[in-house]
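Visitor: The lines below spell out each chain.
Number of protein chains: 2
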Amino acid sequence: MAPSAQTLPTSVSDEKYANVKWEELGFGFYRTDNMYVAKCKHGESFQEGSIVPYANFQISPCSAVLNYGQGLYEGLKAYRTEEGRIMLFRPDQNALRLKSGAHRLCMPYPSVDQFVSAVKQVVLANKKWIPPPGRGTLYIRPILFGSGPILGSLPVPEYTFTVFACPVGRFHQDNAGLNLKIEDKFRRAFPSGTGGVKSITNYSPVWITLAEAKAQGFSDVLFLDAATGKNVEELFASNVFIVKGNVVSTPEISGTILPGVTRKSIIELTRDFGYKVEERVVPVEDLLDAEEVFCTGTAAIVTTIASVTFKETK
Amino acid sequence: MAPSAQTLPTSVSDEKYANVKWEELGFGFYRTDNMYVAKCKHGESFQEGSIVPYANFQISPCSAVLNYGQGLYEGLKAYRTEEGRIMLFRPDQNALRLKSGAHRLCMPYPSVDQFVSAVKQVVLANKKWIPPPGRGTLYIRPILFGSGPILGSLPVPEYTFTVFACPVGRFHQDNAGLNLKIEDKFRRAFPSGTGGVKSITNYSPVWITLAEAKAQGFSDVLFLDAATGKNVEELFASNVFIVKGNVVSTPEISGTILPGVTRKSIIELTRDFGYKVEERVVPVEDLLDAEEVFCTGTAAIVTTIASVTFKETK
Ligand SMILES: Cc1ncc(COP(=O)(O)O)c(C=O)c1O
Ligand SMILES: Cc1ncc(COP(=O)(O)O)c(C=O)c1O
Numbered sequence: 001m002a003p004s005a006q007t008l009p010t011s012v013s014d015e016k017y018a019n020v021k022w023e024e025l026g027f028g029f030y031r032t033d034n035m036y037v038a039k040c041k042h043g044e045s046f047q048e049g050s051i052v053p054y055a056n057f058q059i060s061p062c063s064a065v066l067n068y069g070q071g072l073y074e075g076l077k078a079y080r081t082e083e084g085r086i087m088l089f090r091p092d093q094n095a096l097r098l099k100s101g102a103h104r105l106c107m108p109y110p111s112v113d114q115f116v117s118a119v120k121q122v123v124l125a126n127k128k129w130i131p132p133p134g135r136g137t138l139y140i141r142p143i144l145f146g147s148g149p150i151l152g153s154l155p156v157p158e159y160t161f162t163v164f165a166c167p168v169g170r171f172h173q174d175n176a177g178l179n180l181k182i183e184d185k186f187r188r189a190f191p192s193g194t195g196g197v198k199s200i201t202n203y204s205p206v207w208i209t210l211a212e213a214k215a216q217g218f219s220d221v222l223f224l225d226a227a228t229g230k231n232v233e234e235l236f237a238s239n240v241f242i243v244k245g246n247v248v249s250t251p252e253i254s255g256t257i258l259p260g261v262t263r264k265s266i267i268e269l270t271r272d273f274g275y276k277v278e279e280r281v282v283p284v285e286d287l288l289d290a291e292e293v294f295c296t297g298t299a300a301i302v303t304t305i306a307s308v309t310f311k312e313t314k
Numbered sequence: 001m002a003p004s005a006q007t008l009p010t011s012v013s014d015e016k017y018a019n020v021k022w023e024e025l026g027f028g029f030y031r032t033d034n035m036y037v038a039k040c041k042h043g044e045s046f047q048e049g050s051i052v053p054y055a056n057f058q059i060s061p062c063s064a065v066l067n068y069g070q071g072l073y074e075g076l077k078a079y080r081t082e083e084g085r086i087m088l089f090r091p092d093q094n095a096l097r098l099k100s101g102a103h104r105l106c107m108p109y110p111s112v113d114q115f116v117s118a119v120k121q122v123v124l125a126n127k128k129w130i131p132p133p134g135r136g137t138l139y140i141r142p143i144l145f146g147s148g149p150i151l152g153s154l155p156v157p158e159y160t161f162t163v164f165a166c167p168v169g170r171f172h173q174d175n176a177g178l179n180l181k182i183e184d185k186f187r188r189a190f191p192s193g194t195g196g197v198k199s200i201t202n203y204s205p206v207w208i209t210l211a212e213a214k215a216q217g218f219s220d221v222l223f224l225d226a227a228t229g230k231n232v233e234e235l236f237a238s239n240v241f242i243v244k245g246n247v248v249s250t251p252e253i254s255g256t257i258l259p260g261v262t263r264k265s266i267i268e269l270t271r272d273f274g275y276k277v278e279e280r281v282v283p284v285e286d287l288l289d290a291e292e293v294f295c296t297g298t299a300a301i302v303t304t305i306a307s308v309t310f311k312e313t314k
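As given, the protein sequences belong to chains A and B, one line each in that order. Position 20, counted from 1, in the first sequence is what my numbering calls 20; the numbers after and before it change by one each time, with no gaps. Position 172, counted from 1, in the second sequence is what my numbering calls 172; the numbers after and before it change by one each time, with no gaps.
Where hints are given, some of them may not hold.
Because identical chains share one entry, a pair is satisfied inside a single copy or across any pair of copies.
[Unchecked claim] Below, simulated PhoX-like cross-link-like pairs (lysine-lysine); rule was C-alpha separation at most 25 Å, straight line:
1) K230 to K185
2) K214 to K99
3) K99 to K185
4) K214 to K41
5) K230 to K214
6) K21 to K127
7) K16 to K264
8) K99 to K77
None of these hints come from the bench; they were simulated from the model. Model, not experiment: these values are computed from the prediction.
Take the sequences, apply the hints, and build the full model.
Guide: Shown next as structure tokens:
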């Protein structure tokens with residue numbers, strides 16, 4: 001049979017990259033080609049799932065996630081190096097965090113190997129959506145949720161683990177650093193709650209204050225602890241660090257803030273750079289008194305805080 | 001044309017009732033024939049939806065509800081009277097509660113008329129699933145959620161309002177009254193949170209303690225307030241009342257407990273019966289000291305509490 005492939009009009013860039021205006025890339029939903037889906041029945045464990053074309057799910061109207069909020073998400077990034085390699089940043093850390101969240105929300109979970117393998121498969125199946133070096137990253141979104149119908153009482157008959165990906169640019173648009181509002185009324189998490197895991201239930205409840213802050217011109221909100229309202233916890237989706245002299249401080253992990261993967265790396269890095277790092281209770285005063293403040297997160301990367309506003313005072 | 005209908009073997013009960021073993025009915029998911037679906041784009045308002053055959057939804061993997069928990073649910077019941085009429089219990093109250101929840105979670109919402117009309121349409125479209133008088137009720141489950149894809153920042157492009165229904169029997173199986181565990185560690189809600197609305201985010205986070213209590217032989221858990229851990233709030237999905245002499249007391253509505261529709265009616269009824277009703281802070285001591293304790297809810301109806309266990313003491 002005559003080889004006909006070369007008759008197709010394919011340029012190198014068509015093969016390597018999807019048709020995206022990389023320079024205009026923001027941080028939002030962008031449909032890509034493929035996703036990974038695995039399902040698991042109650043009492044069983046997750047088996048290897050498969051890569052399928054990106055499409056809407058079929059989900060029971062009476063599913064645990066739609067009715068009782070049983071869901072977790074993760075977020076990590078793949079990027080291209082100048083040498084053309086594709087890199088992932090510590091995906092096992094996200095797998096472990098998903099596992100601790102699954103315990104908290106009474107769900108089975110994929111093993112670390114399954115998780116990492118699913119992430120890699122999604123990256124490879126959407127390779128042409130990974131932005132060119134320096135132009136952005138492929139944001140990978142694993143989600144785990146109760147997909148089976150449940151009314152009244154446990155158990156949930158079925159769970160779904162899926163991974164999809166979107167090319168993204170910058171998360172925060174403020175080049176000169178973020179202008180934060182210290183949220184004085186709404187709390188994000190409380191002791192014994194789900195603040196320490198990436199439960200979907202932590203996010204929409206605080207959209208109301210994020211939306212208000214954005215309408216007032218702020219970049220993001222900084223939450224205080226629910227127990228006393230005196231100590232700094234974290235931003236909407238990133239951890240916070242303060243610098244004073246040779247000491248870098250960040251709120252300790254005590255169940256109400258998310259143990260960020262970026263946070264952990266920054267702690268290690270700043271220690272290596274010779275700073276003293278303190279994970280401790282951080283009163284608002286210490287923040288206002290700091291020489292430098294920055295936030296860390298997969299989406300937010302490491303971003304400087306330009307200003308902080310607390311009860312009308314900037 | 002010859003009328004052929006009478007040649008079909010149809011008994012009266014086949015027409016009037018679905019093929020359900022009513023006496024075995026518990027409280028769980030039961031697939032019925034039809035559901036109601038309405039959608040609404042960001043910036044628009046809900047238009048009249050339609051009755052469709054009960055089926056799984058198509059939902060974006062990147063939807064607001066799956067990733068950030070943006071969802072509310074409601075629960076109400078239709079029942080048959082001995083005279084063969086079909087009754088709904090104050091559906092406008094559920095519509096109003098959905099509305100306040102929608103404000104809290106930044107969603108558009110159906111009007112009270114749309115809500116009530118949707119509920120009625122679902123009841124009529126599933127009429128044969130309404131149990132015979134005294135054998136149970138048709139539990140109606142409206143849900144409202146962010147169905148459009150969102151990554152990072154608002155707005156959510158699309159919302160879905162849907163209503164389905166399941167025939168149900170008793171919610172609690174304990175005929176002699178409930179055995180409650182006063183939950184000493186996990187809190188359900190906190191000030192500024194979503195405890196005052198029927199957000200899906202309030203439920204799966206406390207399954208962990210409900211499951212533990214059930215495994216220990218309890219019927220349900222009674223939550224204490226997050227701020228002090230000293231006052232009684234409510235059960236997993238019902239409100240609590242205590243009786244002492246001529247006084248009936250129940251925790252006041254202050255943002256952390258759900259304003260139950262049954263609660264409201266019971267307050268009105270007990271007042272009519274000549275009791276003094278106090279909506280106030282109810283310390284655990286007052287509960288342990290009460291002559292009678294009961295809980296109220298659409299699912300739970302009005303159920304006596306037989307025992308209360310607090311820190312190992314029954
Ligand atoms: C609430 C919250 N805090 C912190 C972070 C930062 O964590 P990571 O560095 O793992 O992205 C995130 C997000 O990802 C988050 O949602
Ligand atoms: C947390 C909670 N409290 C109380 C209730 C009782 O409310 P209603 O009487 O409207 O059913 C419910 C449930 O429906 C509930 O979920």
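Visitor: Indicate, hint by hint, whether the structure satisfies it.
Guide: Structure-based check of each hint:
no. : hint         : verdict
1   : K230 to K185 : both (11 Å within a copy, 22 Å between copies)
2   : K214 to K99  : between (33 Å within a copy, 24 Å between copies)
3   : K99 to K185  : between (31 Å within a copy, 22 Å between copies)
4   : K214 to K41  : between (42 Å within a copy, 21 Å between copies)
5   : K230 to K214 : within (23 Å within a copy, 37 Å between copies)
6   : K21 to K127  : within (16 Å within a copy, 54 Å between copies)
7   : K16 to K264  : neither (33 Å within a copy, 63 Å between copies)
8   : K99 to K77   : within (19 Å within a copy, 38 Å between copies)
In summary, the structure is inconsistent with hint 7 from the numbered list given earlier, while agreeing with all the others.
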